[in-house]
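Q: This is what each chain is made of:
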Amino acid sequence: MSEREKPVSHVRAALVLVVLFFALLGFGYPGFVAVVVHGIGLGYQADGSLITQNGTVIASQFIGENFSSPYYFWPRVSAVGYNSSNGSGGSALGIMTQQFYNQTKNYTEYLISTGRVSNGTLVPANGVEPSGSSFDPDITVGFALFQLSRVAYYSHLNVSYLKQLVDRYTTHPYLGFIGSTYVNVVTLDIALHRILVGNGTIS
Amino acid sequence: MDLVEYAQILFLVVVILVVSYYLGIYMGRIYLGKRSFLDKYLGPLENFLYGLMGINPRHEMDWREYLKAFLITNAMMGLLAFGTLFFQQFLPLNPNHAGALGTVLDFNTMTSFLTNTDIQHYTGELQLSYFSQMGAITFLMFTSAASGIVVAVAMIRGIVNQNGTLGNFYKDFTITITRVLLPISIIEALVFVFLGMPQTFQGAVVAHTLNMGSQVIYRGPVASLESIKFLGTNGGGFFGADSAYPFENPNALAAYIEMISEASIPFGLIFSYGHMIRNPKQARMLVAVTMSLFLVGLAIALYAETIANPTLASLPINQSVGNWAGKETRFSIAESTFSLILNTYTMTGGPMVALNQMSPLSIASSLFGMEVQGSPGGVGTGLMNLLVYVILAVFISGLMVGRTPEFLGKKISTGVMKYSVVYILIHPVIILAPLALTVMSGFSSFIPLPPNEAFTALLYEFTSAAANNGSSFGYLITAQNSNFILLSESFVMLIGRFAPIVIGLAIAGVLSSTKPLAQTKSAAVTDDPIFAVFLFAFIIVLSALLFLPVLALGPLSGFLGG
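Protein sequence lines correspond, in order, to chains C and Y.
Once you know that position 139 of the first sequence is 139 in my numbering, the rest is easy, because the numbers rise by one and skip nothing.
Once you know that position 312 of the second sequence is 312 in my numbering, the rest is easy, because the numbers rise by one and skip nothing.
The reader is advised that the hints may include incorrect statements.
[What the hints assert, rightly or not] With the Cβ distance kept under 10 angstroms, some of the chain C side facing chain Y (calculated, not the full set):
1. Ser-9
2. Arg-12
3. Leu-15
4. Gly-26
5. Val-57
6. Ser-60
7. Gly-64
8. Tyr-72
9. Ala-79
10. Gly-89
11. Leu-157
12. Asn-158
13. Ser-160
14. Tyr-161
15. Asp-167
16. Ser-180
[What the hints assert, rightly or not] Now the in silico label distances, taken between C-beta atoms and shown as ranges:
17. Y:Ala-100 - C:Val-19: 22 to 30 angstroms
18. Y:Arg-64 - C:Ser-85: 48 to 56 angstroms
19. Y:Gly-213 - C:Gly-200: 22 to 30 angstroms
20. C:Val-35 - Y:Leu-487: 38 to 46 angstroms
21. Y:Val-15 - C:Thr-114: 38 to 46 angstroms
22. C:Asn-66 - Y:Ile-307: 26 to 34 angstroms
23. Y:Phe-11 - C:Ser-9: 48 to 56 angstroms
24. Y:Phe-11 - C:Ile-195: 35 to 43 angstroms
25. C:Leu-122 - Y:Phe-11: 27 to 35 angstroms
Don't read these hints as lab results, they were simulated from the structure.
From the three backbone atoms N, C-alpha and C, an ideal C-beta is built for every residue, glycine too.
Full structure from sequences and hints, please.
A: Here's what the structure looks like:
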């Protein structure tokens, strides 16, 4: 360190530093990434992985929707009812509270009463406990299989055919162990919908 | 837990250690000023920036000047971000027409991201413009992370140097961004988009759904925010649901990249430290201690999340895999739980679960991580905490066995001890005082949650704010308590961030002008297994003494009382 060094103006240095990085990190970097991903053919993902039908957007493959008609596979419990205008995030209720017990009990009974399942069938926890985001597009294979008899009854499709369909929309863990095994209900139900329209079951 | 889940945990831990090691050594070399092939490309850019700033990068600062530069820079970052939020309704890039947040929430949000906390009391997809998500949030995610990292580097230099200097703040800050944070973030963001994250400036799109009429699909420049969110242990998401939201975490591969990157700088800086003090054994000892603390916390939470919820035991529910509540199906329960503990032990605070629905035992474990703040803690600040723990442990073990309290050859002076004790005491005070104040003033009664959960949520909120973590319970803020909680929390975040940094730099200042003693046989050894065990126990006992009573009132009674 030399004795004759000029004193640093910290205000100037800090101001320039902050303004430059505001422009570079706040705008240059996100803009650069957006341009690159659209340039290298990742526009589908970059725009939200939207699924269209006859030119109309009907879903994003990643965002859960409330398929509630009995001939669809139903998604998980959502704290906001899959209405994105209500924001996102999980349920408020602690899992050891009376309120949570009551809510879960009611929905479990509803799933059993509507499920056309044999006596003593257990409902998979995945089907009655709320998701973390309220927009979980997926369910476990167990919950999908639980719903088979109801969906089969209302869709007039046979169970083994529906099982194959579920299988087709099942994702397995990467390399055999990274992630869970799950069924995307959004893409599954859209496929099911097209089959039902084709069969004339629904219009 | 099944075998696959054990494999997931083992894989994550091993990859985190390997990546941290290499990143840490790389960062150590950068801060030592070693030559690298990047000099050719980045050198001219950095020199250009130094020219604009009007600084000489070779100028070495003492701790006061380093602190001054740090504080002025942080003040300007805060002002600029506050202005961005405050005027967002008049600024461009607002396709969804987000309105004003309100001044109190603007202030809370700015302090939250300036302090690397990232507690969010807004719903990003509804309430922030893209201009704010980038100009306020993404910008502060980089600069607050860089701020944390450079003070840790300055502290390391304080331990090594003998001439009273700690390096040049502006140079350290600049190269942290140009050589670490920005390049890694760009690569990660591209991979994230490939895996399914949006990166667009178009507004929300209305989907005409097959069953429910219509659904608004919110999107935006998500991937560029997410990569620095994890790399810089920030944790505040683009969407309200944060990392649980499918667009922030579309599949397990994205989740693994996120988790590995949020752990790699906190653990990596410990390796940088070993590299810079030329004592890798010291670093291995600290990594062993921090990783052990983390694994203990993880084991508790994994146990709690993979058992059947006893409250639901009488219902006809198949709970064989554990607690699905608050978790996303595309991740295993073990992975989601790992994310919760990693996010609270690294001070990232963006777990891919909904906190309200975690088992009270997992919440207790998360609180413990935020109370320790050094296992491994946030970027930079975690290492700083850890070094203060080491100094205290050296002193106490010295008293116990009658050895000179010295650390890496430098005598620990009265001044350093005083600073260290104050440093440690700030944390409990800024958690417990506002907690007591909120309960006694009656503002806690407005929290619309069951009583025990409300207390836990409030304790969690202030702990998260003080530790600059950022995870928090939902449904805490109501119209009656919002100003009180938002403002008190803002001050907790500011004190929790800046007071330890000021004291840490002061300790670095004292150490940097301390001459090392001649190696004596009586000096305490700080890199052997005995010291590691002592440090491990010391950190647990210290935190238990400070926090066990409130843990018993909150999550522990929630677990036992069911």
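Q: Each hint should be assessed against the structure and marked as holding or not.
A: Structure-based check of all given hints:
no., hint, result
1, Ser-9, "6 angstroms, holds"
2, Arg-12, "5 angstroms, holds"
3, Leu-15, "6 angstroms, holds"
4, Gly-26, "4 angstroms, holds"
5, Val-57, "5 angstroms, holds"
6, Ser-60, "5 angstroms, holds"
7, Gly-64, "8 angstroms, holds"
8, Tyr-72, "7 angstroms, holds"
9, Ala-79, "8 angstroms, holds"
10, Gly-89, "4 angstroms, holds"
11, Leu-157, "17 angstroms, violated"
12, Asn-158, "22 angstroms, violated"
13, Ser-160, "23 angstroms, violated"
14, Tyr-161, "20 angstroms, violated"
15, Asp-167, "16 angstroms, violated"
16, Ser-180, "4 angstroms, holds"
17, Y:Ala-100 - C:Val-19: 22 to 30 angstroms, "24 angstroms, holds"
18, Y:Arg-64 - C:Ser-85: 48 to 56 angstroms, "52 angstroms, holds"
19, Y:Gly-213 - C:Gly-200: 22 to 30 angstroms, "23 angstroms, holds"
20, C:Val-35 - Y:Leu-487: 38 to 46 angstroms, "40 angstroms, holds"
21, Y:Val-15 - C:Thr-114: 38 to 46 angstroms, "44 angstroms, holds"
22, C:Asn-66 - Y:Ile-307: 26 to 34 angstroms, "30 angstroms, holds"
23, Y:Phe-11 - C:Ser-9: 48 to 56 angstroms, "50 angstroms, holds"
24, Y:Phe-11 - C:Ile-195: 35 to 43 angstroms, "39 angstroms, holds"
25, C:Leu-122 - Y:Phe-11: 27 to 35 angstroms, "31 angstroms, holds"
In this structure, the hints that do not hold are numbers 11, 12, 13, 14 and 15, in rising order.
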